[in-house]
Amino acid sequence: MQDIVKEDDILLEVRNISLSFGGVKALEDVSFDIRKGEVRAIIGPNGAGKSSMLNVINGFYHPQEGQIWFNGQLRNRMKPHQVAKLGIARTFQNIALFKGMSTLDNLMTGRYIKMHSNLFAQMIWKGPAQREEIEHRQKVEEIIDFLKIQSIRKTPVGKLPYGMQKRVELGRALAAESKLLLLDEPMAGMNLEEKEDMCRFVLDVNEQFGTTIALIEHDMGVVMDISNRVVVLDYGKKLADGSPDEVRNNAAVIDAYLGVSHD
Amino acid sequence: MFYRESGDFKTSYIQDQQIFPILQDRVFVIAVIAFAFLVVPFLINDYWEKSVLLPVLIWSLAAIGLNILTGYCGQVSLGTGGFMAVGAYASYKFTTAFPELNMFIIVLLSGGVTAMVGVLFGLPSLRIKGFYLAVATLASQFFLIWLFNKVPWFYNYSASGQINAPERFVAGIAVTGPNAPPWATYLFCLILVVVLALIAKNLTRGRFGRSWMAIRDMDIAAEIIGVAPLKAKLSAFSISSFYIGIAGALFFLVYLGAVEPTEAFGIDKSFLVLFMIIIGGLGSILGSFIGAAFMFLMPVLIKNILVNGLGWSTDIVAHLIFMIVGGLIMFFLIVEPHGLAQLWRVTKEKLRLWPFPH
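From first to last, the protein sequence lines are chains Z and V.
Note that my numbering has the first sequence beginning at 85, numbered continuously upward.
Note that my numbering has the second sequence beginning at 133, numbered continuously upward.
So that you can see chain Z by itself, here it is in the shape it has in the complex (with noise of 0.2 Å):
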């Protein structure tokens, strides 16, 4: 029975969250939770309310009522910075790198929260910077492995295909370690076959790091193949929330996509 949870396997819950802009309602009294070790899926029509969900839990917008618990504990108003030191990392929809650097910078970049070295090591550099900087790059390199992107280590990321892009964006959130991983559609604007590479990715960085994930995506055959729950929102609303098969039979879902005959 999934509906048995112990509280503590609950990573993050977004209770009766609020959100709007103006008279602009984005998002309406929506719960849900992600459990630890899941991959939870966001779905729902364009508009929805998906990204200013990931919005709100990344501490870009704060909703004007509702609370959001993270590892048990209820997170009051955060910044960004802050959110991303509490152990959530995230990719963008339309990418978001740092376009002047190479793959390798990205994905160093990413593990800004993980080093601590002062400005004066830094300038000095011999020593405690240098160390740390090793150290670090070994992790980097596991991952530039992990992704294989070895041979696009050194070349500017504004020069790489979108599709590459996008998995260096999946480097970047990973080099931070996080315990929570949200994708903003990994997976748009990709080819079949870049799609199953990225479905891989995915589920191995699931499986072998044991992150959780939680990730927006249109494409259905990923959703319903790679997720363990799904939630689903309309007009800032929630209208389903459950297992893949559930929701495909949810009568409200199946209305929101298709539309309904008005007779």
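Source of the hints: derived by calculation from the structure; they are not laboratory data.
Just so you know, these numbers come straight off a predicted model, no measurement behind them.
Hints may be right or wrong, so weigh each one.
As the list claims (entries may be wrong) - Interface residues of chain Z toward chain V, partial, derived using beta-carbon atoms under 10 Å:
#1 Lys163
#2 Pro164
#3 Gln166
#4 Arg174
#5 Lys183
#6 Met192
#7 Arg195
#8 Tyr196
#9 Gln206
#10 Lys210
#11 Ala213
#12 Gln214
#13 Glu225
#14 Gly242
#15 Ala259
Said to hold, decoys possible - Every beta carbon over 10 Å from chain Z, so not counted as near; a handful from chain V, in silico:
#16 Thr228
#17 Leu258
#18 Pro310
#19 Pro314
Glycine residues also receive a C-beta, built at the ideal position from the N, C-alpha and C atoms.
Using the hints provided, position chain V relative to the given structure of chain Z.
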């Protein structure tokens, strides 16, 4: 033929992280630094000191400073002249108040004061971006110059309103004032520039530099990675101002000797340094040097050729220089919008495969 990257394999991360990964580069740079320290002091004369070496070194330092802020952190600033003035006036106050203090310490302290002022004027950057920030920093330029003109305490109530560099010594040798020998002032600046350039390189290739570049390239993504924009931007402002302040202090103490703020640190200086980093290459320490040398030496070179070589009259040449330098700037920006340092990088890329194009 011998200069290339291929075949130069790295077997450890330390080797891979070197400032100059290519062996020939390392040898060349060490040779240049050795030449600058060991040979140039014996050859230097007044002309080379005052017209070429000192200004290029000092402007390079200012360019590194602005490059940290604009090139690495993406915050456009037009307040460089004002911050140089802060450095100059701070060094003046320190030299007059503490005559016994070591000159290196005085110069570094002046940089520190400028860093604090820089943070203060960097605060708006948290709210405004791009051109709007440039306009906001323009305000600091005019405010600071106005301040140094209006408040007599800054120029020690001197009748002329000018400040004059007193004669000060390092290890018994004058480095400021009219009697300072050219080699001493040159070495004084060279030591500071070499050390500070190395520090700048270290900062920009490490954790701090990456946080600045992250803010520059995509501030939203930088934030979700854990870079606090406040910390990144203000640290860039403070370190950038530190460099610019030291450049200002050297410009006043060692190079000019006497300064009137409107004249020496006007808005034209802010633009000059900005052009240096645009021409040299944004986000490149090497580019700061190339840009400073280009912007400062090109007019000197043209003047030497036309006046001394061809015997043209100085006033015609003065106007021609504006046209030629302006034309060259446009030419280089069209050929390589990312600056001369990028031109060098591209050459290296080409050489990697040479003589086979594919």
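Taking the closest Cβ pair, is Lys183 (chain Z) under 10 Å from chain V? 5 Å, holds
Is the claim that Leu258 (chain V) lies outside the interface with chain Z correct, judged by CB distances over 10 Å? 12 Å, holds
Does Lys210 (chain Z) pass the interface check with chain V, least Cβ-Cβ distance below 10 Å? 9 Å, holds
Does the interface hint hold: is Lys163 (chain Z) within less than 10 Å of chain V, judged Cβ to Cβ? 7 Å, holds
Is the Cβ of Pro310 (chain V) farther than 10 Å from every Cβ of chain Z? Given that every Cβ of chain Z is farther than 10 Å from that of Pro310 (chain V), nearest at about 35 Å, it holds.
Using 10 Å as the Cβ threshold, decide whether Pro164 (chain Z) counts as touching chain V. 4 Å, holds
Per the CB criterion, is Gly242 (chain Z) less than 10 Å away from chain V? 9 Å, holds
Does Gln214 (chain Z) pass the interface check with chain V, least Cβ-Cβ distance below 10 Å? The hint holds - Gln214 (chain Z) has a Cβ within 10 Å of chain V, the shortest such distance being about 7 Å.
Chain V contact restraint on Gln206 (chain Z) - CB to CB distance below 10 Å: 5 Å, holds
Hey, does the Arg174 (chain Z) contact hint survive, CB to chain V under 10 Å? 5 Å, holds
Does Tyr196 (chain Z) pass the interface check with chain V, least Cβ-Cβ distance below 10 Å? 5 Å, holds
So, as I understand it, the hint says Ala259 (chain Z) touches chain V; can you test that by seeing if any CB pair is closer than 10 Å? 9 Å, holds
Comparing the model with each earlier hint shows no violations; every hint is respected.
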